[in-house]
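Heads up: the sequence lines are chains A and B, in that order. Position 54, counted from 1, in the first sequence is what this note's numbering calls 53; the numbers after and before it change by one each time, with no gaps. Position 62, counted from 1, in the second sequence is what this note's numbering calls 71; the numbers after and before it change by one each time, with no gaps.
No lab work stands behind these hints: they were computed from the structure. Virtual Cβ for every residue (Gly too), placed ideally from N, Cα, C. Don't take every hint at face value.
[Stated by the list, open to error] Here are the computed distance ranges between Cβ atoms for each label pair: (1) A/Y104 to B/A47: 24 to 32 Å; (2) B/A172 to A/Q134: 41 to 49 Å; (3) A/Q4 to B/N110: 23 to 31 Å; (4) B/M183 to A/A136: 27 to 35 Å; (5) B/K81 to A/L143: 52 to 60 Å; (6) A/L144 to B/T109: 56 to 64 Å; (7) A/Q134 to B/I145: 34 to 42 Å; (8) B/I145 to A/L95: 31 to 39 Å; (9) B/K147 to A/S102: 55 to 63 Å.
[Unchecked claim] Output of the computed footprint for chain A on chain B, the stretches with three or more beta carbons under 8 Å from beta carbons of chain A: (10) 10–21; (11) 96–103.
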Amino acid sequence: MIYFQLFYEFFKTGLFVFGGGLATIPFLQEISEKTGWFTIQQLMDMIAISEATPGPIGVNMATYVGYTVAGLTGGIVATLGLITPSIIIACIIARLLYKFKDSQYIDAAFYGLRPASLALICSAGLAVLRLSLFQEALWQDTGLLISLFNFKGICLALVIFALSNKFKNLHPVAFLAASAVIGMVFRF
Amino acid sequence: MKVYLQLFFTFTYIGAVSFGGGYSMLPMFQRELVSKKAWLSETEMIDYFSVSQCLPGIIAANAAVFVGYKQKKVFGGIIAAIGAVFPSLVIITIIAALLTNFAEIELVQNAFAGIRVCVSVLIINTVIRLWKQAIIDKSTLVLFSLVFLLSVLTSLPVAIMVAVAGTTGIAIQMLRKVMKAK
Chain A
0 MIYFQLFYEF FKTGLFVFGG GLATIPFLQE ISEKTGWFTI QQLMDMIAIS
50 EATPGPIGVN MATYVGYTVA GLTGGIVATL GLITPSIIIA CIIARLLYKF
100 KDSQYIDAAF YGLRPASLAL ICSAGLAVLR LSLFQEALWQ DTGLLISLFN
150 FKGICLALVI FALSNKFKNL HPVAFLAASA VIGMVFRF
Chain B
10 MKVYLQLFFT FTYIGAVSFG GGYSMLPMFQ RELVSKKAWL SETEMIDYFS
60 VSQCLPGIIA ANAAVFVGYK QKKVFGGIIA AIGAVFPSLV IITIIAALLT
110 NFAEIELVQN AFAGIRVCVS VLIINTVIRL WKQAIIDKST LVLFSLVFLL
160 SVLTSLPVAI MVAVAGTTGI AIQMLRKVMK AK
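Using the sequences and the hints, build the whole thing.
See below:
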């Protein structure tokens, strides 16, 4: 039964993947090799589409693979398989956290977790920023320092940063939509 | 019933406007769940993300479950997680059925290059905003700097860095207590 198998494979992925998103790729490669449901070339296309659509990348990949293997139902089954371990584990942990909410150990653990988390989020944001504002490959090719900077991207980043801090009530979606239009108009 | 519908649609909305998953959901969480709905405080939001990233599974799904659980226990967690993946199901199914060359369309590539710049600026904004909640003294500043350097310079697994930071937090607080007692 293909649906059970899909559910099982993605349940396993959801259970063992850490960090989500692109971390699911090695698991999908393994599924591809083991089952032959899709080729590595197809996987590459699926990654490109998952990155170029809204929603968590890992979830997009699960839906795409499921749909490719077994149509609409396949997409739903694979996606549910992927998030089922999250639902089980996160509910257990949430329950424990509420139960021991007043424990000084939990409090002390979060005292250390918060700055660490913030640092990880910051470095993830900066990594994307670096990729979109600096063309390191182009710089290596041409040897010209000026080709390192993606001036269009840098201007956009500065404008968004200034506007979003001046007009704090503007919804983040407004900035996303404007950036998409600017990207298309100015050929980013 | 109303709460379940609200949970579902709020997470459907967040899922539909988050590009890249995981951390890119943070600005949306901040706006929709903290500022608008007041379902969480900023501190709770950081706490949920901290735990979500060291549990197995997709960070976005884990964080959704935590928020749903706070509202309506297990069933709330399930509804929130399904809400968060619903847009992916719809959008990806349509693209897989009709537009398999979607990612190669030049306009799409241009639009997403713009969106990526925006998402990263929004994430940095959120970090600045959460700074006061997380960095409250010298020890937390040192922890932030250490983890930041480690994550930029090495490829250490996130779960390990987070686990060590949590343990360090406990150690620092216990040490303080002992010093105080003396």
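- prompt: Among the hints numbered above, which are violated by the structure, and what are their numbers in rising order?
  reply: Of the numbered hints given earlier, those the structure breaks are 2, 4, 6, 8, 9 and 10, listed in rising order.
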